[in-house]
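Enquirer: Chains as they are written, first to last, in my numbering: chain A, 1 to 306; chain B, 1 to 298; chain C, 1 to 328.
Since the hints were derived computationally from the structure, they do not count as laboratory data. Every value quoted in this text rests on a predicted model; they were computed, and no experiment measured them. Watch out, some of these pointers could steer you wrong.
List time: in silico DSBU-like cross-link candidates among lysine-lysine, alpha-carbon distance up to 30 Å [said to hold, decoys possible]:
id : chain 1 : residue 1 : chain 2 : residue 2
1  : C       : K65       : C       : K5
2  : B       : K19       : C       : K20
3  : A       : K125      : C       : K129
4  : A       : K125      : B       : K21
5  : A       : K224      : C       : K76
6  : C       : K84       : A       : K125
7  : B       : K262      : B       : K21
8  : A       : K214      : A       : K224
9  : B       : K21       : A       : K159
10 : A       : K83       : C       : K129
11 : A       : K224      : C       : K20
12 : C       : K76       : A       : K214
13 : C       : K65       : A       : K125
14 : C       : K129      : C       : K65
15 : C       : K5        : A       : K224
16 : C       : K65       : A       : K214
17 : A       : K224      : C       : K129
18 : B       : K21       : C       : K65
19 : A       : K224      : C       : K133
20 : B       : K262      : A       : K159
21 : B       : K21       : C       : K20
22 : C       : K129      : A       : K214
Residue strings, one per chain:
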Amino acid sequence: MKQVISRLASMVIVLIGVIALIFIMLRIVPGDPVTILLGEHYSQETIDRLTQAMNLDKPMIEQFFYYITHAMRGDLGVSYTMKRPVTELILQAFPYTLRLALMGVAFAWTIGLISGIISAITQNKATDRLFMTFSLAGVSLPIFMSALLLQYLFAFRWKLLPLTSSGSLVSMILPAIALGWNSAGTIARISRSSLLDVMQADYIDTARAKGLSKRAVILRHALKNSMLPVITMMALQFSSMMSGAVITESIFSIPGIGRLATQAIQNRDMPLLQGTVLFTTVLVILGNLVADLLYSVLDPRIRKAV
Amino acid sequence: MTVDNNQHLAEIGEMNGPKEKLIRMCRQNPLALISAVVILLMILLAILAPVIAPYGEAQQDLAERLQPPSAAHLFGTDELGRDVFTRILYGSRISLVIGIIPSAISLAVGILMGLSAGYFGSWVDYLIMRLADVMLSFPSLLLSMVIMFTLGRYANSVLCIFIALSMVGWASVARVVRSHTLSLKEEEYVEAAHSIGVSSPTILVRHILPNCVPSLIVLYTLNVPSCILSESTLSFLGIGVQPPMASWGLMINQSKQFLFTKPWLALAPSITIMIVVLAFNFLGDGLRDVLDPYLQRG
Amino acid sequence: MNSEKILEIRDLHTSFFTDKGVVRAVNGVDLEIGPGQIVGLVGESGCGKSMTARSVMGLVRFPGKIESGSIRLNGKELTGLTEKELRSLCGDEVSMIFQEPMTSLNPVLRVGRQVQEAVLVHNQSISRKDARKQVIDMFERVGIPEPEQRYNCYPHELSGGLRQRVMIAMAMICRPRLLIADEPTTALDVTIETQILNLMQQLCRETQMSVLIITHNLGIVAEICDYVYVMYAGRIVEHAPVFELFDHPAHPYTRGLMASIPQIGRNPEYLHTIPGVVPNLLHLGEGCAFAGRCDCAVDRCSRELPEMVHVREDHASRCFIISDAEFS
Chain A
1 MKQVISRLAS MVIVLIGVIA LIFIMLRIVP GDPVTILLGE HYSQETIDRL TQAMNLDKPM
61 IEQFFYYITH AMRGDLGVSY TMKRPVTELI LQAFPYTLRL ALMGVAFAWT IGLISGIISA
121 ITQNKATDRL FMTFSLAGVS LPIFMSALLL QYLFAFRWKL LPLTSSGSLV SMILPAIALG
181 WNSAGTIARI SRSSLLDVMQ ADYIDTARAK GLSKRAVILR HALKNSMLPV ITMMALQFSS
241 MMSGAVITES IFSIPGIGRL ATQAIQNRDM PLLQGTVLFT TVLVILGNLV ADLLYSVLDP
301 RIRKAV
Chain B
1 MTVDNNQHLA EIGEMNGPKE KLIRMCRQNP LALISAVVIL LMILLAILAP VIAPYGEAQQ
61 DLAERLQPPS AAHLFGTDEL GRDVFTRILY GSRISLVIGI IPSAISLAVG ILMGLSAGYF
121 GSWVDYLIMR LADVMLSFPS LLLSMVIMFT LGRYANSVLC IFIALSMVGW ASVARVVRSH
181 TLSLKEEEYV EAAHSIGVSS PTILVRHILP NCVPSLIVLY TLNVPSCILS ESTLSFLGIG
241 VQPPMASWGL MINQSKQFLF TKPWLALAPS ITIMIVVLAF NFLGDGLRDV LDPYLQRG
Chain C
1 MNSEKILEIR DLHTSFFTDK GVVRAVNGVD LEIGPGQIVG LVGESGCGKS MTARSVMGLV
61 RFPGKIESGS IRLNGKELTG LTEKELRSLC GDEVSMIFQE PMTSLNPVLR VGRQVQEAVL
121 VHNQSISRKD ARKQVIDMFE RVGIPEPEQR YNCYPHELSG GLRQRVMIAM AMICRPRLLI
181 ADEPTTALDV TIETQILNLM QQLCRETQMS VLIITHNLGI VAEICDYVYV MYAGRIVEHA
241 PVFELFDHPA HPYTRGLMAS IPQIGRNPEY LHTIPGVVPN LLHLGEGCAF AGRCDCAVDR
301 CSRELPEMVH VREDHASRCF IISDAEFS
């Protein structure tokens, strides 16, 4: 129980840190947001009124407090350029990003785990080298390049799948592969080395000594243990998945959160950028929590601790 | 680990100096050796770019726009008639520097933070590690984007990328150094050094840091390609290196509109990125196998 | 004669093929165990005693390999069996207990299930429920209190001694003819050690099972073994019934081992140590591997490998100078 509380406390502290950091970083931005909002042909009076309405004349700490209390109620301000509440824009975009991310994760995990396990079992044989070379290539290929490559081959050359995504399942296939490819490589490499590591453990000898076949040893004893570091890695993957979503959405014109963030930067739309970054970061933090819980389900040693 | 096997391997002197380890890596893993050669070659090309490049960095020839690869233009020309090969050579200067320097900065910051956190413990540790958690919670690309957004007007875009990538990178280094420090702190020889009155900074630098070096070399080698990738991604999104400078990501960004009609434009910088990043990853992998088998693969 | 023996190892060679060269961990070992006998295999760490046991169980890991020799279990040749055939014997006719009860049990599975697995794999017809019953009975026999509750525990919830009892239960559950115990008590407290040894001795008497106990602790040997093999640098250097060995150690190495046991009442200043270190198995010379550390070594020792010579009917030693042995 004590650990649960300290875990949650850490999470809240990290969350506040995240908000503070975004807040500070965006406040030192040059260029008056009011001017951006209004253009340049307004009287000083209008500008002053708006500055007041947006609390921009208050001290920064007060602005921060105002932002946090409002953010907790789900109010992330109004987008300068789209003139709509940021929360609304984000909730509208989120289903696309969620679908993309889920499909990407599914792709990454299936391909990554299968090739990692096959590699480990056939260690140092041709299949192992083949899979590992592919994984390393996957890790070395930036998402935007794999996305362009997939677009070029599957959409342009062979005309099998749509070039851009409307949000339908079929049109999400290419973006999901582009997004998941990278993680698949990482997962394959980690699950391979973790499985090989676990196969060295003493309890594997015990299992073999009691007469279990190689297959049973791997399936019943090694796999579950070897998943532990993979789960840890999964937590880190959440964050890179969200990064990847930004690029993928931009290339496949998916109206998701990443696209919103890119637009916010291009239009210097501070509340929107602040909101999207905050939202994705919260997603990552929650994702890490889920990974922690999953870890504790798999590992009885820390089950009580979380 | 099986006790007996390892005992045997240890007894026959399998654990030995760094030089032997490197030699062993080269023998067992020729790919790592080739990668090292490729990296050195790329660095040499980047340094010698003005000498080797057949054209000027920004030399335009509008009559020769969008030419496919030929003898005059090895990789073709872009939409302003600039030689793609020349642009890649000059681009390698920016891309490599962006790979090498921010990694070094984040390494230095990470070491400092990790050592202090692990060694001093209590609130120092808590503070630093929560800060690292904050940094690691941000999707790195979004964090870089925010930093570029904020600093983009103050400073030169390359400098901004330096800052952005250093801020993103230090946290994971700090975590590794901290966990090393924590486990080393318990070692008898550190306690012994303490008991005879060796000062904390000396212990950190003399006893603990050297033990982290193998992991740090590996981390650094693997951080370089991820910085190169981040730069190219930022530039690809149009918020990284700004024209008329050349960087590989920027070249891909500019060739995006011709992707389906003139694919070679995107192909040349893409392949260059892949080769360099692969080379660093292969090298890092090889180094890890001989230097630090317990560092997790990523 | 062969058929009477439970385990019979002849000229076993197990080597590791590393990039530095071939390490001959087990270099021509001969060893026999009769029915119901408790046999000790003694030596310093790294002398190849664990590898001898692992060779029997087919647990030698890459880059190690059984090069030649014969291992017979109940007269049945084990070398050359397929992995599948060997696995069907392991845990059933021969089973093994390992040194580290902390790491030898799978941390993410309940201990009862891990033992039950041994029943299920060798007896396809038994129901899970009956298997569970068997496990709980066995837990009770090996002295695990509250066996029903312990069945559902994870390894980390048990003490080291209990874990080793679970390991013993796992090893005994299919009533093997031979139990190999690799340093079964090294990781345990001295009081627990005695309990575990007594348990093994008692189970051995009850079931007429043979035991091969691997240890570096001559105290354990004296306590429970009937017969002892002393191993040095991959070779057996001496074997004898336990009292015979303690009364008349023939090989200088064995004598060195005996002398290094601290004894109450003797002046601790004169505690004997064997000078030098275990030789590098990678660079073994022609002669006796112990020659470099031996007080009584003569020229011949470093050139020629001594043969196993019988001192008495049941006692043999691999040394040129055994004639002096009895008077030391």
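Enquirer: If a hint holds in the structure, say so; if it does not, say that too.
Expert: Hints and how they fare:
1. As the CA atoms of K65(C) and K5(C) are separated by approximately 25 Å, the hinted pair is consistent with the 30 Å bound.
2. In summary, the hint linking K19(B) to K20(C) is supported, as the alpha carbons are separated by about 15 Å, within the 30 Å threshold.
3. Of the supplied pair hints, the one linking K125(A) and K129(C) is violated, its CA atoms being roughly 42 Å apart against a limit of 30 Å.
4. With a C-alpha separation of about 23 Å, the suggested pairing of K125(A) with K21(B) holds against the 30 Å cut-off.
5. The straight-line distance between the Cα atoms of K224(A) and K76(C) is roughly 36 Å, outside the 30 Å bound, and the hint therefore fails.
6. A threshold of 30 Å between alpha carbons decides the hint, and for K84(C) with K125(A) the separation of about 22 Å falls inside it, so the pair holds.
7. For the given pair, K262(B) sits about 46 Å from K21(B) by alpha-carbon distance, which is inconsistent with the 30 Å threshold.
8. At roughly 15 Å between alpha-carbon atoms, K214(A) and K224(A) fall within 30 Å of each other, so this suggested pair holds.
9. Note on K21(B) and K159(A): the hinted pairing is violated, with a Cα-Cα distance of about 50 Å set against a maximum of 30 Å.
10. At most 30 Å may separate the alpha-carbon atoms for a hinted pair to count; K83(A) and K129(C) exceed this at roughly 68 Å.
11. With a C-alpha separation of about 35 Å, the suggested pairing of K224(A) with K20(C) is violated against the 30 Å cut-off.
12. Between the alpha carbons of K76(C) and K214(A) the distance comes to roughly 22 Å, so the proposed pair stays at or under 30 Å and holds.
13. About 19 Å separates the Cα atoms of K65(C) and K125(A), which keeps this hinted pair within 30 Å; it holds.
14. Restraint check for K129(C) and K65(C): not satisfied, since their Cα atoms lie roughly 40 Å apart, outside the 30 Å limit.
15. A threshold of 30 Å between alpha carbons decides the hint, and for K5(C) with K224(A) the separation of about 40 Å lies outside it, so the pair is violated.
16. Only pairs whose Cα atoms come within 30 Å are accepted, and K65(C) paired with K214(A) is accepted, the gap being roughly 18 Å.
17. Our distance criterion of 30 Å between C-alpha atoms is met by K224(A) and K129(C), whose separation comes to about 24 Å.
18. Only pairs whose Cα atoms come within 30 Å are accepted, and K21(B) paired with K65(C) is accepted, the gap being roughly 25 Å.
19. Our distance criterion of 30 Å between C-alpha atoms is met by K224(A) and K133(C), whose separation comes to about 26 Å.
20. With a CA separation close to 18 Å, the supplied pair K262(B) and K159(A) stays within the 30 Å bound.
21. Restraint check for K21(B) and K20(C): the C-alpha separation of about 13 Å stays at or below 30 Å, so the hint holds.
22. Between K129(C) and K214(A) the CA atoms are separated by roughly 25 Å; this keeps the pair inside 30 Å, and the hint holds.
Going through the hint list in order, the structure does not satisfy hints 3, 5, 7, 9, 10, 11, 14, 15.
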